[in-house]
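A.B. asks: In case you want the letters, here they are:
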Amino acid sequence: MIRSELVAMLAKQNPDLSLKEVERVVSTFFEAINAQLAEGGRVELRGFGAFSTRSRTARTGRNPRTGDPVEVDAKSVPYFKPGKEMRARLNV
Amino acid sequence: MAVAGTLTRADLAESVHREIGLSRAESANLVEQILENMCAALSRGENVKISGFGSFILRDKGERIGRNPKTGVEVPIAPRRVLTFRASQMMRERIVKSA
Chain A
1 MIRSELVAML AKQNPDLSLK EVERVVSTFF EAINAQLAEG GRVELRGFGA
51 FSTRSRTART GRNPRTGDPV EVDAKSVPYF KPGKEMRARL NV
Chain B
93 MAVAGTLTRA DLAESVHREI GLSRAESANL VEQILENMCA ALSRGENVKI
143 SGFGSFILRD KGERIGRNPK TGVEVPIAPR RVLTFRASQM MRERIVKSA
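Just so you know, the sequences run in chain order A and B. Residue numbering for the first sequence follows our numbering, starting at 1 and increasing by one per position. Residue numbering for the second sequence follows our numbering, starting at 93 and increasing by one per position.
No lab work stands behind these hints, which were simulated from the structure alone. Some clues are possibly wrong.
In silico BS3-like pairs for lysine-lysine, Cα to Cα no more than 30 Å straight-line [to be verified]: (1) Lys81(A) <-> Lys141(B); (2) Lys84(A) <-> Lys141(B); (3) Lys12(A) <-> Lys75(A).
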């Protein structure tokens with residue numbers, strides 16, 4: 001399923017809303033999660049899962065083409081842990 | 093919006109209510125429907141790809157032999173399906189800067 005298919009399904013389930021409104025709802029939903037993670041916070045959705053960030057320490061990497069060492073700065077990366085209910089639904 | 097801390101469904105519904113101007117009840121319903129539609133697609137075995145956000149990817153794991161770390165007894169681990177999330181380039185870039 002891709003974003004446009006999600007929007008189409010929601011539009012069908014909510015005939016009182018225009019496609020444009022549903023599109024804005026979906027954008028707002030994902031943007032709220034993005035913004036929270038960008039601020040270093042967490043988003044916990046019971047039954048679905050939790051989004052958080054994990055920090056990676058600085059390290060010396062290598063340019064895979066030339067083999068030259070390059071310094072990689074410490075950074076945060078997004079992380080998702082599926083919820084219990086979600087895991088159960090995937091394995092029925 | 094709360095600085096750091098943890099957001100929940102209620103906060104996402106509140107964002108929808110404020111941004112779009114739908115009622116609180118309708119906003120909460122829509123948040124639930126987004127999650128339910130994604131969950132349903134994943135449980136049908138479909139990957140879910142949201143542009144600008146990321147992809148939820150299913151992986152099938154084969155059976156393997158595990159070991160109870162306390163007793164050392166070997167136990168079979170049944171084949172199962174796991175869910176991984178790969179964030180979009182856009183999300184990664186925004187998060188790197190917050191480090």
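A.B. asks: Hint compliance check: list the failing hint numbers for this structure, sorted ascending.
C.D. replies: 3
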